[in-house]
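Hey, can you work out the whole structure from these sequences and the hints?
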Amino acid sequence: MGDLLTGLAGLDLFAPKYNWKSELSAQYEMSRAIHSYAGTVEELINYSDHRPTRLELEFLFQNKAEEYDFLTFWMDKRGQWKKFWLPSPSTGFFLDTPTVIGVPSVIVRGNRFAEFYKGFERIFIQLDNGDRLSFQINSIAQDQPLPGKDTLNLGAALDRIVDQADIALFSLLLCGRFEKDVAELAYITMAISECKISFLELPKEYPA
Amino acid sequence: MVVHTGLLYEGAIRVDEEVQPFYSPVPEFPDLAILLSAMAAGIRAVTATASGALADEMTFAAGPLLNRVYFLPRIVDGGFIVQDTEQDITIWNAHESQSYTISAITDSQPDGTTLDHPATPITITPETNLFHLLTLLRAGPPFQDTTYTYNIAPWSFVLTIQGRRIEAFLYDPDWRSPFKVGYSFLTILARSKRFVEQRRALYEKVKRKLEAAFWFNGLEMQQFSYDLRRFHAQVLGVPIFSEPMHPTTSPLQGSTFTIVSEDIVDYWNLRNATKFVLFKDLEDKTINEVKEIASLDTGIRKLTFTNQIAAIFVQAQTVIYPVCLSLIGEVSPRFLTDDLAQVELSFEEFKSG
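For the protein sequence lines, the chains are A and B, in the order given. Quick note: the first sequence, position 5, residue 5 per our numbering, numbers continuous. Quick note: the second sequence, position 32, residue 32 per our numbering, numbers continuous.
Take the hints with a grain of salt, since some may be wrong.
[What the hints assert, rightly or not] BS3-like cross-link-like pairs, simulated, lysine-lysine; straight-line CA separation at most 27 Å:
1. Lys-275/B <-> Lys-193/B
2. Lys-204/A <-> Lys-21/A
3. Lys-196/A <-> Lys-77/A
4. Lys-180/B <-> Lys-17/A
5. Lys-196/A <-> Lys-180/B
6. Lys-180/B <-> Lys-21/A
[Stated by the list, open to error] Simulated DEER-style distance windows between Cβ atoms:
7. Pro-110/B <-> Asp-69/A: 32 to 40 Å
8. Leu-282/B <-> Thr-91/A: 45 to 53 Å
9. Pro-207/A <-> Lys-193/B: 20 to 28 Å
10. Gln-223/B <-> His-50/A: 57 to 65 Å
11. Ser-22/A <-> Ser-261/B: 31 to 39 Å
12. Ser-36/A <-> Asp-174/B: 51 to 59 Å
Honestly, the hints are just simulated from the structure, not real lab data. These numbers were taken from a predicted model, which means no experiment stands behind them. All residues carry an ideal CB built from backbone N, CA and C; glycine is no exception.
As structure tokens, then:
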């Protein structure tokens with residue numbers, strides 16, 4: 001049926017195949033400070049409500065076409081310069097109920113995302129057939145329609161029925177950039193290559 | 001006049017004792033005598049219409065343009081010299097009645113060039129063009145920095161020739177260690193504690209770094225050792241080993257194109273970051289040639305070059321690689337015996353102009 005990519009605010013989507021041969025690692029950058037004199041009480045200073053995620057990613061390009069697509073994307077972003085969307089590689093939601101065509105909402109199992117929700121978040125669904133869906137979350141109805149289930153109200157209606165069994169990845173979209181200015185491809189053969197690269201979320205640059 | 005693609009130059013007109021910059025937007029230099037006579041006729045006609053009979057006494061051409069000696073071009077920038085390249089040097093005596101004499105032509109560091117001219121002294125009669133053929137040779141020093149000085153009393157005209165030569169890196173990598181290509185940009189970045197960022201990209205185009213491991217044994221180790229001393233300040237044509245191509249056309253010698261068997265539509269370096277390719281015989285390393293790409297047709301897998309292939313290649317044992325013009329970076333040798341070594345090499349792309 002094809003992709004249904006909405007709510008991306010003009011930024012490119014980078015949704016490569018992750019290489020799960022190696023474990024993906026993530027770091028969470030804290031932004032806080034504790035002020036105190038020796039022997040006194042401490043005061044906690046919070047610089048930012050949203051701490052960025054740093055992901056160490058590894059890709060395996062199995063043919064020259066995949067390599068070409070990655071290099072074209074890399075050249076456009078010029079290393080650290082331009083931001084883009086990257087699906088979080090870890091599952092963020094379980095779909096509780098199959099979606100309904102024409103309805104701009106999905107029902108997911110309650111996972112306390114609603115308590116973190118700020119309003120700029122986007123979801124990304126990768127289906128088993130390769131189709132990709134993205135939506136901005138406009139609001140969340142916690143414990144609706146039933147306790148233990150949350151309804152995510154989306155910025156656009158779904159155009160197909162999606163069941164949890166059809167989903168390869170259902171996660172948040174992260175807005176960020178490459179963390180380094182160098183992408184190194186190591187060629188195992190002339191056509192097959194690996195690339196390790198890190199991604200840094202930009203919490204202050206999410207489109208509204 | 002013969003000008004080959006790839007030869008970039010800018011010239012300057014010497015107008016008697018004044019030097020006026022002259023930038024030629026196209027390589028072909030028009031026949032100035034024909035051009036100026038047409039201009040003079042046109043301006044005379046226009047002036048006569050506007051001002052009557054007085055205009056015939058003085059024309060634009062006879063004033064600022066004629067009665068001078070022109071010497072073009074003054075600077076020849078050969079860029080990366082991968083083939084013999086020819087360029088006419090034009091000396092035009094635009095005086096209407098006075099002859100001049102080239103009393104001597106002296107050179108400085110002429111290796112890698114030839115300049116064809118008659119023996120001096122050479123008389124230039126009025127309204128005469130002389131053409132001296134300058135050739136930049138494929139073989140020559142790594143850095144071309146040559147001058148020819150024309151003594152045409154009372155002036156001296158200096159012709160400056162510059163360029164660099166590409167030396168092909170002909171060793172084959174050890175694929176047990178991955179061949180690596182790093183694609184770099186440079187970003188200036190400022191970041192606050194609240195994660196607000198300002199970013200500015202300093203590179204418009206990517207800069208590459210290549211890394212590979214090589215085995216050297218016996219005589220080849222000696223050859224590499226001496227090559228390394230020679231290469232230390234030389235621009236090398238290093239193959240992108242991950243984008244090999246095999247020609248399907250034969251014979252290659254004398255042809256300006258070849259069709260390859262690989263689907264080059266997904267060869268990123270070939271399509272986006274390479275001006276040159278290396279032809280290499282797989283069995284005889286001494287047979288090789290660097291060619292400048294004129295055009296690529298990914299649909300029919302055709303590579304067209306700026307001039308003919310000179311060397312004799314056997315189609316079945318020839319491989320073609322895009323090359324990255326690089327300088328040798330780090331060299332890490334590991335000696336297993338007195339004449340067996342594994343050497344890890346890095347090459348840093350050289351961006352010129």
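Tested hints:
Taken as a hint, the Lys-275/B and Lys-193/B pair is broken in the structure, with Cα atoms around 45 Å apart against an allowance of 27 Å. Distance hint between Lys-204/A and Lys-21/A is unfulfilled; the C-alpha atoms sit about 32 Å from each other, more than 27 Å. Between Lys-196/A and Lys-77/A, the direct Cα distance comes to roughly 16 Å. Compliance with the 27 Å bound is thereby established for this hinted pair. With a C-alpha separation of about 21 Å, the suggested pair Lys-180/B and Lys-17/A falls inside the 27 Å cut-off, and the hint holds.
Taking the CA atoms of Lys-196/A and Lys-180/B, the gap is about 12 Å. The hint holds against a cut of 27 Å. About 20 Å separates the Cα atoms of Lys-180/B and Lys-21/A, which keeps this hinted pair within 27 Å; it holds. Checked against the hint of 32 to 40 Å, the pair Pro-110/B and Asp-69/A fails, with Cβ atoms roughly 50 Å apart. Taking 45 to 53 Å as the suggested C-beta distance range, the pair Leu-282/B and Thr-91/A conforms, at roughly 50 Å.
For the pair Pro-207/A and Lys-193/B, the beta carbons lie near 23 Å from each other, so the given range of 20 to 28 Å is met. For the hinted restraint 57 to 65 Å between Gln-223/B and His-50/A, the CB-CB distance of approximately 59 Å keeps it satisfied. Ser-22/A and Ser-261/B have their C-beta atoms about 34 Å apart, which keeps the hinted 31 to 39 Å range intact. Remark: the range hint 51 to 59 Å for Ser-36/A to Asp-174/B is upheld by a beta-carbon distance near 58 Å.
Checked against the numbered hints given earlier, the structure breaks hints 1, 2 and 7 and satisfies all the rest.
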